[in-house]
Structure formats: structure tokens, C-alpha cells
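Protein chains in written order, with this note's numbering: chain Y, 572 to 1048; chain V, 572 to 1048; chain U, 572 to 1048; chain D, 572 to 1048.
Certain hints may be false.
Since copy identity is lost for identical chains, a pair holds within one copy or between any two.
Unchecked claim - No farther apart than 27 Å at their CA atoms in a straight line, the calculated lysine-lysine pairs in the BS3-like style are these:
| hint | residue 1 | residue 2 |
| --- | --- | --- |
| 1 | Lys586 | Lys573 |
| 2 | Lys1042 | Lys887 |
| 3 | Lys887 | Lys1041 |
| 4 | Lys654 | Lys915 |
| 5 | Lys1042 | Lys595 |
| 6 | Lys977 | Lys1041 |
| 7 | Lys573 | Lys744 |
| 8 | Lys654 | Lys595 |
Hint data in this document are derived by calculation from the structure and do not stem from the laboratory.
Since the model is a prediction, treat every value here as computed from it, not as a measurement.
Protein chains: 4
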Amino acid sequence: MKTADEYVASLAAMKHNVWMNGAKVEKPWEHPQIVPGVNIVRLTYEWPQVPEHQAMVTATSHLSGKTINRFTHIHQSADDLQKKVEMTRLYCRATGCIQRCMGADALNALSIITHHADSAFGTQYYPRLLEYVSFFQENDLVGNAAMTDVKGDRSLRPHEQADPDLYLHVVEKRADGIVVRGAKAHNTLAPYAHEIIVLPTRDMREADADYAVAFAVPADAPGITMICRGAAPAVKRLMASPVSSRYASVESLTIFDNVFVPWERVFLCGEWQLAGYLAETFATYHRHSYCGCKPAISDIMLGAAALVAEYNGIDKAHHVREKLTEFMITAELVHACGLAASLKGQAMTSGTYLPDLVYANVGKYYAGTNLHHEMALLQDLAGGLVVTMPSEEDYRSEEIGEYLHKYLAGPSNLTVDDRVRCFRLVEDLTASKYAGLMMVASLHGGGSPEAERKAILRSYDVETRKALAKKAAGIEA
Amino acid sequence: MKTADEYVASLAAMKHNVWMNGAKVEKPWEHPQIVPGVNIVRLTYEWPQVPEHQAMVTATSHLSGKTINRFTHIHQSADDLQKKVEMTRLYCRATGCIQRCMGADALNALSIITHHADSAFGTQYYPRLLEYVSFFQENDLVGNAAMTDVKGDRSLRPHEQADPDLYLHVVEKRADGIVVRGAKAHNTLAPYAHEIIVLPTRDMREADADYAVAFAVPADAPGITMICRGAAPAVKRLMASPVSSRYASVESLTIFDNVFVPWERVFLCGEWQLAGYLAETFATYHRHSYCGCKPAISDIMLGAAALVAEYNGIDKAHHVREKLTEFMITAELVHACGLAASLKGQAMTSGTYLPDLVYANVGKYYAGTNLHHEMALLQDLAGGLVVTMPSEEDYRSEEIGEYLHKYLAGPSNLTVDDRVRCFRLVEDLTASKYAGLMMVASLHGGGSPEAERKAILRSYDVETRKALAKKAAGIEA
Amino acid sequence: MKTADEYVASLAAMKHNVWMNGAKVEKPWEHPQIVPGVNIVRLTYEWPQVPEHQAMVTATSHLSGKTINRFTHIHQSADDLQKKVEMTRLYCRATGCIQRCMGADALNALSIITHHADSAFGTQYYPRLLEYVSFFQENDLVGNAAMTDVKGDRSLRPHEQADPDLYLHVVEKRADGIVVRGAKAHNTLAPYAHEIIVLPTRDMREADADYAVAFAVPADAPGITMICRGAAPAVKRLMASPVSSRYASVESLTIFDNVFVPWERVFLCGEWQLAGYLAETFATYHRHSYCGCKPAISDIMLGAAALVAEYNGIDKAHHVREKLTEFMITAELVHACGLAASLKGQAMTSGTYLPDLVYANVGKYYAGTNLHHEMALLQDLAGGLVVTMPSEEDYRSEEIGEYLHKYLAGPSNLTVDDRVRCFRLVEDLTASKYAGLMMVASLHGGGSPEAERKAILRSYDVETRKALAKKAAGIEA
Amino acid sequence: MKTADEYVASLAAMKHNVWMNGAKVEKPWEHPQIVPGVNIVRLTYEWPQVPEHQAMVTATSHLSGKTINRFTHIHQSADDLQKKVEMTRLYCRATGCIQRCMGADALNALSIITHHADSAFGTQYYPRLLEYVSFFQENDLVGNAAMTDVKGDRSLRPHEQADPDLYLHVVEKRADGIVVRGAKAHNTLAPYAHEIIVLPTRDMREADADYAVAFAVPADAPGITMICRGAAPAVKRLMASPVSSRYASVESLTIFDNVFVPWERVFLCGEWQLAGYLAETFATYHRHSYCGCKPAISDIMLGAAALVAEYNGIDKAHHVREKLTEFMITAELVHACGLAASLKGQAMTSGTYLPDLVYANVGKYYAGTNLHHEMALLQDLAGGLVVTMPSEEDYRSEEIGEYLHKYLAGPSNLTVDDRVRCFRLVEDLTASKYAGLMMVASLHGGGSPEAERKAILRSYDVETRKALAKKAAGIEA
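Pulled out of the complex, with its shape left as it was, chain Y reads as follows (with noise of 0.2 Å):
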């Protein structure tokens, strides 16, 4: 495994083609506003050194059966499952969202569908596959998975789009590989990536078989373009935007111009009929990690709910205690989903486990639409503060500084500094871009609250039910 160091270094080595407020980024990895991305994936290879979190954050590899980063590993078990998930929410604790997770979630997919496509279209994926897990365990990589597409026209399927690029898709068939075409947005960790892993968005019908593509291509592959939006600046700042100036996603828009891609590294190409399920697939997985990260959300504001209480003085009153407990019911449910899709989790064919559809899908719909809630049971706790504070210059400035100093001060056990800092805390995470970020994310990420309803409805075992009530009701079949 690689130390942090070591992934700096390597992504310095490559050459991402990264643009961001209309200028190209030269040193990625060094710019203010994307350091707070690196600094999580940083931390991803840093545990693995901690000796505490080394059986959580580890794994064995089932192809070389040495000890890997837990990222690049294929789940073998129930256990595997829950370790991900346990692992994704205290990873989360700390930096909010991992992001890593992605490429993991990307390749257990791809080793399910790809063994299935080798079945039933007699392909050679899963070898194919297998080969570039090798790969990416050996050189402990990151893996960015680049699914939606820019879509264009909803209504409307791949093929009937004004524009055909609108969803990715192959342009040509040479003998060494493929090449293809479009754009693939919200890639989380793209800008710091090693690869880019890009699977089909959803369901396609035979007339969108070029669409039916998957494959991985290095993140600075010839004809890929990364347009991003960044982070907060990683600025020295005492107190404003306390998390997201240290730790914060930054997403690409990833343009695909004609890049081309080898054989080797090609997964599905024109199995339209196995798209819809390896988009799914995908989304199982990475719904689950969100039942590790959104109670990882949950638990850093339950934290900061019940500071800003005690900075207030209100910690003892009831409404305030009955509302911590909202945070504590929210996380617990979500992770309990977590839990049980990890425990009823099931060996495909190809040996990988994978998540209770059910579970994983209700998980992450509750988290999804309750963070709002949260958000705003903070917000209420800690009161207009939170959005009217004079700016940190204000509070260090000579002439007005000791009127801030004076007229900011809660009980008189507590420091006013600390007191600044935990609004400052309240305000990142609940009043901020980074906060429109995370709502944002909590309900698209891995697919919006419709995509999992229909998922679970579509899914879940109605005629069982049907046949309990027709008997209770004194139906006949």
C-alpha cells in the first residue's frame, strides 16, 4: 500500500487536463481550492497505517491474498460488507464525505455484471476484469466512477437526444480498442483521481446499444477535459468554514473527446440488455456507503447541536434535548439499513457480495430527505448568529474587535473564541455552499429520492404480501 505521500507524488506524475474559473489548473494537486479533495484521499492512506483503524480499513485481497486498502478491495462476505459500511461512516466522521468509495462501489458492479455478461453473451469481461483489479489493488489506486451522464432532454432515451453525445457512447470500433464520446458530470475526486471507471447511467433499449458502455481509462488520458467546481480555499483561516476549507469534494465535469480506450480495459460494450443492471448495481453499492456516510453527517451535528446548545446556555432545556435525540434517531436508522442490507448481503455468481437491494435503497432515501430536517433542527438550536456574524476581519480588527469580543460571549465558563468557533462550525455546515453541497449531494448522490423509490417498489416482494391479506381477508387465490 501506498503511504499519502506516495499518491501526492503519483498524481504528480500524471497530467490531469483540470480547468476551474476559466482557467487551466496546473498543479491540481497543490491548488487551494482542491487540496481540501486531496485531503481526504490523503487520510484514506493514512489509516491503513494507524494500527487501530488498520482491521476496519484493510482488507485481504482474494486474488493475491495480500493485505490491501479496504477501497480496492471485492466484498467475499456479509462481514466484508459491514466492515465498508462501519469503515465509511468513521472515515465520514472526520472529513464528511470519503469519496474513495466510488471506485470500490464501481468495481464490485463490474465483477458481478461482468461475470453475468460472460455467461450469457459468452464474452471474456470478468477475466478482463480481473486483470485490471489486480492492477488497481497492486498499485493501490484511487478510481473515480464517472456515471451520470449530462442527459440532455429527459424525456427523451440516449439515442432520440437532439445531440447524440449527450449521453457517452461509443464512436468507433478499432481492433486495439474503442473510442468514444460525451460528457460525464458530477465526477466527485475526478481531479485527483488515477482512473476514471465509466459506466452506462441506466437502462438502455437495443436502438442505444453504443450507450451500453463501461470501461476505465488513467485520469489523464488524451481527450478527456475536467471542468470543476472547487472547494472553499484551503487558506490558513482561524475560524470560517472550519470543515470545508480542510476537507471538501471537488466535482468535475468530465468531457470525453474521443478518447480512446483498449480492449483491455473495455467491460461492456453493446450488452444493452445488462446496462439497466449494472447502473443498479452500482447504485446498490453506493447507496449502501451512503448508510456509513450520511450517519457520519448526522453524528457531527448531533455534535455541533449540542455545543452550540451548552455556547447558548439553553443545553438543559427540554425542546433542546428532544431534539438531539432527532439526530440520534435519523443517523441510527439510516445506519441499521446499513447494517441489515450488509447482514442479508448475498454472494452473486461470480462470489461478490452484494448489499440487500431493499435495505441499501430505503437507507439512503431516508438519509436523503431528512438532512434538510437536520439542518434546520441546528439552525434552530443555535439561532440567527449562525448567518448574521460580522466576519473573522471584524472580530480581530483594532478599532471594533472589542466590541465583538464583549458582546459575543455566552456563559462565562466558555471562551468567546470558542464560541465564535462553533457558530462558525454551525454556519459551514448548515448556511454555506459546502452546506447547499451536502443537501445537494444527500438527496442526488447515488441517485435521487425517485430513482429509489422505484427501485424498492420495484423490487420488493408485493404478490407475498398480496397473498397474506387475500388469505386474511378470506380470499381464495
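Model the placement of chains V, U and D on the given structure of chain Y, informed by the hints.
Same frame as chain Y, now just chains V, U and D:
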């Protein structure tokens, strides 16, 4: 293990002192308003004989090594806990409530607290309890857990009540045992149980020491009077009350009028420090059980909802499908908590496995506070006929029956009889005394929502979350 | 205006063809399961005699200039609408449902649509209707609005049904009138009404023209059969069913088997273009009425909640006070909609005032989808005794009554009798057939939640809001 | 009445002591982070000149009989109150928040409490206030209501704080006036207001008498320092922050460092018994205002939601239409409360009309606790681009702009530019600092949800409801 008939025969050999509607009930096991309760318990004797159910509904005694009914088992592993919660869901899909769980929950709780008492106070409760468990398993008994005192003025502690008997307490200690007086409320299954297992209902202080008492007595012990509210009569009806006339709980307000308990059946007596711990431990087990039974109710309601939508010809409507999904989400959030509580269950000092308190409480809380919404959804899909449908007598009437057969028709591929049955099912489930019972039981069974919130808040590790928030804010410990 | 006794006498002079439980009911107005319904209507004859109520419950006829019962009035101003909704709340605080509103709502809707029909189609419905209103006011009549057809397969339009009678329709047009066949469901109050006012239940297309029919007939017209589900018997009980044995609606499934209607009572006949408009206009009036009656239910439930908290000794607890506040918020959100719908009501072409459609629908929708939660709150505060309390016979028993008097005691300053009464009230309101009726009526009375959402969406001015958003975004029209 | 330019000129003639980001702001009315606030106030001077708005936004002074800006009016009727709440909605559809309401709300509250004080304590506050109102109307002034103290440790009363200045108080009484010290937080509009109207923030006890003080001072009075958090800069941007760069509030933390107030501007001084009443009366007026502005936010969000659905090509989807309906229901429940509070408003002893407290509180409470859900709905409909869309600089870039123009396309009948604008609008409304401000303002503006619940509970007539329940239960008073 006994057969169902042997169970009933064993009841016939006892002399329960049962009253209902102002009159003594001579043979409770045959009384039409008690038979629906007996029917449920019969099922718990039948399924252990059914090969496909055996792995789930039986267990191996850790005392005798024999195969026993799982409802008499002391859980020895997380897997035992998982089987218990899954068994509960399976049974309750047929019966709504399986009742017999409470005896097992009481024995398991006692197996933890008696062990604890012996090491803390040098008592000999644990070996006594093991004797009792052996007897209980050997004879395949049904136990009622009598916990909730009538409580009088709830703002007062037990010893402060105007009448000292408003909480059950020890009134005399003799060489051979103790004499107790008081009343326990809401004792489901008591009139057809073999044993009454009495537990304290809350935490106690030193002045309440006489109220800190736990013991077991035969259900027909001298001095016990059961005053019951009956189920819907188990008469032969074609349509009405299709669930509750077959399977429904009967509750007793159980009076203990100077009841003698020999020392070998006394499991706590005066150790007031442990009263709350015992109450909470039983509650944890019982809330864990609810994570099985409440999803079963959702299963039945989902089935009824899907069915009634068909019988109305609206099953394709988008809003109908959305509403069906609500049942799924609710059911699985709760059941996920049951599974998670099992998976994270831990061995206590006696070796007994205890489900995770937080998950058990979160699951029961969510179930209890969402059933009313599920009822609303089912009524919403069914429409006004649920409550305005004329009686079965009208439907069978020679004079007017034809009108009803004509005008109660739904989609023409479905029979009118079945449509009427379907509405009667919805009525029974949502708009009847039985529905009232289900609603109140979902809120208060195993403890009220407020009790569950308090249990969560009390046991949740808030300090760890505050530390996360401090670190995120840059506040030094 | 009539007295209450004159009202009953006038029923005795009619020959309603009423059936219940498979038997013909000879004197409906005296039948113990119908008397609770008659009691409600009696009240609407009593209060106009009570000086303190007169200003609210009477009105001045715009036809005769005489003082009339407000339930026979055609609203002439926003103030009339406000008085109607406030009168409804006042009455329903006593009775739960006042029933008589529906006749007024039907007449008012007809006064708008007949006027509209006459100008659109050159018909003479409006003068006919005014004649009928004069007759109705003069005789201080009670009208049932028979709207909801039995509908058969709801995915089919009226003329597409397997049996053409599943929606009521004209089967013959004669010189002196029309003959109709079909059945109307959920006809509250029909067995003790003077008149049945029939309205179409939905929008129609040309092929459904025979189904676009509105008219009035005496409730005992030849060919009408009412098959009823009765209220709780109005027997002399000391405690049980304290509300529903005194005041409760009775519904009829009303069969029209070739009923003759003279032309002077026909108000729509074939003008299918107006069927939906009439249905929606009646619905708007009736949902406006719900903005009065549902807050009254909240009033009673709040009172019961505050009371039962006292009888349990928990009235000082913070969570109890929070729950009480929930009832207040729910009640006043709904009533505010009733007031706003009145204030923003507008005169239609006939001069009749129509409440604002959006506010009327929003209010009813909110009420209908929140009652179940209010029931949960009340059950939560009351506890398990709501459903496990032994019967009144047990309480009165010589043998065991003393036990109950002892063990059902609450705070010592309150009597046990009253505590039992209080729990019986909560049972009646939340855990009984009556509660089931209340729940379903809150959802479906005046139309289902889905119907209300559609009405809101259809009539809401979305374009104005889109223009606001475009302007805000800088998008040129 | 002034013109907008005269308003700005009048600011230029003053010397507000304003600080932002650590520096003194020399001409606040021109500062790019304050101009968005000034723009809002300008509008309140423009509309009174626009014929179609005049009837709503002007009033006739009850003092001078002249036509005045309604924001300087003392409400004389229920119709005045209705116009105020409807005017507020209309203005806020353009600006989000109109700010100027607070001055009117403060004057109206003072007109009630000063009158009350004079009769209770023989003071002469009311005539003084009328003088001030005349001056205010005559000069068409903008008033900031400075109410919320910084509060320090909220578990302590004003006089108990470690630093006595943590609530504003009188430090000296002189022959010509008083001297005050303290700080008021969250003072929207203060840096571009003419006057600061100070009110006590809560109920007081005798020991807090020095804190029971209300007065008005020019916003540039000596000793006042305003430390502000600015709005998004009002720079020329094509797309980003389209709302908040044009119209957004600016808040001040306003320091009163020994500020002198002449007696003729003192409206309460030491009458601690009335402090709570004044605070609550202002809150009632201000919550009533929220029943106008919050529906306006819903209006804009509904428009944005309908628009973004079109730009995504999903406007026909059923779930989209359901979500649009949610905004309508929320908006109109709140506005209905505003209308009902107006309709049921009552004249106080001074003749001033006060909106109904319960309706005003219920409406604000519902608005405040539902905005987060509306944000979730809007984000749900929009999708991930809300937060991951590259910057405007990227979109305009010569090198990569073409990619974005290609891949951000939606339905082909709509322009890409407009689609980008639409997403920028959603970002501004839901995922920005401005959105954070909106969320916190919805909760805490005019008081927190907890304050509103308490106000409702305290003033609601529970006894009448208990009497209803007793009567229903058969319990004798």
C-alpha cells in the same frame, strides 16, 4: 415440545380466575371472545412441527441440549437474536401479534439481571432462574410478562401514592416465600398462559425497595384475578372482522390480592438499584420483538392496500404506487433496526445475548409513531366504503341483498364477494375496535414513544459526537 | 322555522324505506342506531331558538327577506361564508359532525351552476331552483346531498362500466319528468332527511351525457331504498361510547330503482359540460364546511388530551404541553383556511358567494391528512388503558367492581368514575368503530386527498410564479 | 412621500458608523455589499408612485389625513391588516424580504403598549409616540426595529449576566434624557435606515427594570456602531447569484456605547411589567408580516421548480406535479393564517388594530418549519447541477466554453443560456450563503419556533376545550 392440543389440554387442567363483561368465565380457553387469543398461541405449538419452519422457530437449549421452542430459549448469539426477530415477523404476518414473545423476553432479561444481582449483592437468583428456565423449557410453557403497574398518579413515585397498592409490592416476607399485592395492567395472553412472570415497571429509589420485586407464579395461583377485555367473538362469519375474529389478543388487568410466591420463584426482592435496569432490559428485548411484529403489520397492510387498489380499479395510478412504496419503506426501516440490533447484540455476563439498545428503541419508536400514517394510507386507497358498507346481513338478505350484489361490484374480472371481503379486511385493520387496539399497542406496547426517546438519549454516546464537532470547529478539548 | 319536535314529527309523516342489518326499519327516527343521527339534526332546530346563537345560525333569506335557518341559506356575502364556517365549528364542537351542511352546500352549488347553464344553454334551471330554494327555506327542510356514485371499476368512465347503472343515470325522459336508476353511496343523514339532492360525482364527456343529471326528490320517493350502517346504539349507558351513542352520523347506500323526478325538480339533465363544474363547486363548498368541522374535532381532542393528562397526573410534563400545542396548530391552520376562503370568496353570476377554491381545498386537505396524527397524540397521552380497560359491567360488578374502583384510581383529587369516563371518551374518539368513521370521513368526506391536490394544482396560477422566477433568473419571457 | 432617489439622498446626508470585513464603510448606500439591501428599500418608495400598486401600498394617515406610505401607517381596521399582509407578499415576490415592515411593526406595537402604559402608570408615552409617528410619516422614514439582545448565557435573566451589558439597558437618567448601553443583534436594514427603534427582547422582572426600555434614535446617533455582514456583491454578473446580488438584506450587530436618547423619544423606561407584552405585541405584528413574505418565497420557489422541471424535460412527470402542489399547499396555509389573523384582528385601547395572536403565530411557525422541505423539493427537481455546475468564467471561456454550451443543453426548444440561468437561480435560492440566510431567517426571524409554540400555548383557550371534553365524557364540572 407440546402439540397445540396438549397446550389447550394443559389450560383445561388449570383454574384461571377470569372475568369478562361482569361475569366469571368458566372455561376461558373455549370462550368465543378468548379463542382468538388461544388460536394465536396454538400456532406457536404447530409451527415447530412443520419442517420448513423448524430451523427458525426452534432452538437448542443451552441448558439441556434439547430442541426447544424458540419462545422458551435464552439467546446465546447474535444469530439467535436475528432468528427471533425474523421468526416474530413470520408469525405475525399470520396473526398480527404472536403474544408469546413476552415470556421469552422476560426470561432473557431476568437471566441478565439475576446474574448481575448475584455478583453485586451476593444473592442466589441466577441459579434459581436457571432452574425455572429448565422447568419452563421442559414443559414448553407459555409465560405472560406482567410489568406495567396501574400507577395511579404518575407524577408520584411508588411509595408516594395515596394507595400503596397502586404499584405491586411485597407485603410480607415469610420463611417459605413472599406475599405480594397490587395490580398489573395490559397483560396480554394472561388468561391462557401457564405462568405469570412479574417484573418491576420502572426505576426505583431506596424508599421504593418493597416495590423492587420480580417473580413467577402459575397463572391460576390463589389470589390472582384477571379482568379481561375480550376480542371480537370467534363466531362463524363469512366476512366481517376476518382477522380479529380468528386471531386477536386478549388483555387482562391482573389483580394480585395477597398472592404467595415461594422463594424458589423469587428473582428480585428489595434490590431497588436494579429495578430500572431490569425494566429497561426487558423493554429492550420487547422493543426488539416489535421490530419483527410491526413490519409484519405493514406487510399485511401493504397486501391489503395493493388488493383494495385492484378491487377499485386504481392499481395502475401513480399515486397508488407511491403509497404502496410508503409501506415498504416503513416496514424495512423498522425491520432493519431489528436486524441491526441483533447484529450488534452483545453477550452479557451471564452469556445471554442482549440486542443493541439504541437500534431496538429506534426501531420500535419509528414503528409506533408511523402506524397511524399507514392506516391513513390504506383508508385513503380504499375509500369511504370501509366505513359505510352495509352489514353482512344486508348483503345476505333476500329482499335487498341483490341491490348490494349489483352495486358493490368493482372491476368485472373480480367477484363481488371478494371485493366485499377485501373491504371488510380493511375495515378490520383500520376502522374497528381491533384497529384501535393495534394503534394503541403500537404506541404503548413495550413502552411509550417518550420512554423510547428517553432510553435513546440516555444511552447514546453524545460525548464522542461533541468531540467530533469540537475537532471540526477547531476548539481545543 | 320549525322546532326540533316538529322536525321529528315531519319525519314521522314520511315513509322512508330504510334497511339495517338485514331488516326493514319501521320508524327510523326512533331506531336506537339512528337516533344519534337524529339528535344532531335536532340541534340545528334548537339553536336558532337560542338568543346567543341566533346571529350566527340564522340568516335573512335573499328571496323572502325572512329569518331562516342558515342551513337553508344561499350565501350573499363573504360574511355569510365566514358565519357558515364559524357556525359549523361551533355546532361540531358539540356533535363532531353537524350533517346538515351538505344540503346547503348542494343548494348553493346548484344556484351557481344552474345560472351558468341557463346562460350557456338557454335552459330554465335557475328559476326552477329558486322555486325549490323558497320551498326549502319556507319548510325549514333537511337535505341530503347524494353525490358519490358506487363507481364500479374506477379506471372506467360512467358509460364504459360493465353495468351501466354503476353511475346513476337517466333511463327515461317523459313529458312530466325523468326516470333515473343507480345508487349513491355514503349518504350521511339520508334516512332522516326530508329531501335527497342528487348531483353528478365527476366530470363527464359527451358519451356520458345521460349521467350528467342533478335533481331533488323527497327522501321517501317511490323506488328509493336506503341500506344503512347504524351508529352505536343510543342506549342509556353511563360511560361507554359517550359521544357516539348520543351524536353520530348514519350513512345510507341509497338505491334509485327507476325513480321518477318531475321536471320542476330537475336542475341538470344532459349538459355534460357542466357536470364536473357542478361536482367541483359542491366540493368547494363542502371542503369549506370541513374547515369548520375538523377544527371542532381538534377542539374536542385537545380538550380530551388536556383532560386525560390531568387524570394521569402528567399535565405538567413538557412533552405533554408540546403535544397539546400540536392540536392547536392543526386546528387553526385548517380554520384559517376556512376564514381565508370566506374572506376571498367571490360573487358568481347568480350573486351567490363561492369560497376561494384553493383555500377551501388546502384546508380540507390539511385536516384530512392530519387527523390520524392527532389520534396518535391523544392515544399517546392517554396510554394503554384506552383499549384494555375492562367493561362497564365489570366496573359495576358486585364481585370484582371494587378491584377496579381501587386500581383505576388516578391523582387522588379526582374521582375514579370521572377518570374512567375520561378514558371512555378517548376510546370513543380514537379506538372504536366511530373513530374509524371519523378517520375515513376526514380523508374522503368532500373528496379524497388526491382529489383535493388535483383541484389545487388545476386552479393554481403557476404561470405567474414562473414569470417571477424567470424575472429573478434573468430569463427573458 | 419621498422618491427612491430622495431616500438615497437622505441617507447620504447622514453619518452611519458602519463596519464590514474589518474596515469602516464610508458611503454605505453605495457599497456593493450593501446596495442589494438599499435596492429593496428603494422599491418601497417606487411602488407608491405606480398607479396599479397605490391602493395597496399607501394608506391614509389617521393623524394627518394625508396619503402616506403604508409602511409608516398605524393600522386602523382589519382591512388595513389584510392590505399589509397582501402588500408584503407582493413586494416579497420581487425581493424575497422587504425589510421595511419591521419599522411599521414596531410603531404599531408601541402605539398599543404606550397607550396601555399611560393608563396603568400615568405616564405620557402615548402622546409622545404620536408626535414621533407624525414625524415619521411626514418624512416618509425607514425604521429599523432593534429588538434581539445578544443575550450572553440564555439560562440567565438580564440582570444576572456576568456582563450587565449583554442586554441593552439604561445606564444613566438625566434631565433631558437617558443614556443606554448594550448591543442589538440581527438588525436587518440598520445601515440604510433613518431611525433605530429599540424594543425590549423579552419579559422582565423587577430586578430587570433598567432593561425595560424602548426608544427611537437616528441611525447615526453618536455612540452607535454597526458591524455588518454584507450581501453578495451587487456586481454586474450575467448569471450567478441572480437574486441575492440584486436584492438581499444586510444585517448589523448594532453597538450602543453610551448613546443618549432625549425624553421625547423614550417610549418605555422602567415599566418592567410591560416589557414582555411589548415584545410579544411586536412579535405578533412581525409574525403577521411573515404570513406575507414567506408565501412569496414559496411563490418564487414554485416558479423556479416549475421552470427547472421544464429545463430538465420532466415537467409532465407525475411526481413533479405532486411536488409542485406541495409548494402551493405550504404557501397558502401560511397566507391563510395571515388573512385569518387580519380578519380576526381587533382594535386595542388606542384604536390600533392588532392581528390575532394565534393565527399570526401558527402561520409563522408553519412557514418557518417548512422552508427547508421546500428547498429539498426544489433541489430534488433540479438535480446535481445545482451545486456542480462550472463557473460562469468557464462558460465564457474561449478554450472550454464550447464544451459547456454543448453539454449543458436541455430540451432542444430551450436555450442553453437560459437553462444555465435557471440552475443559477436554484443555486442562489437553495445552495448558497443567501439560502442559508433565508433558512435561518425563516426559523428565527420574528422569533424562534419554540417562542411561537409558547406564545400559542400561552394564549390558547384550553379551558373551553376541556369543558367540551368534560361535557362529551359526561364529567360534571
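Enumerate the violated hints, using their earlier numbering and listing them in ascending order.
5, 7, 8
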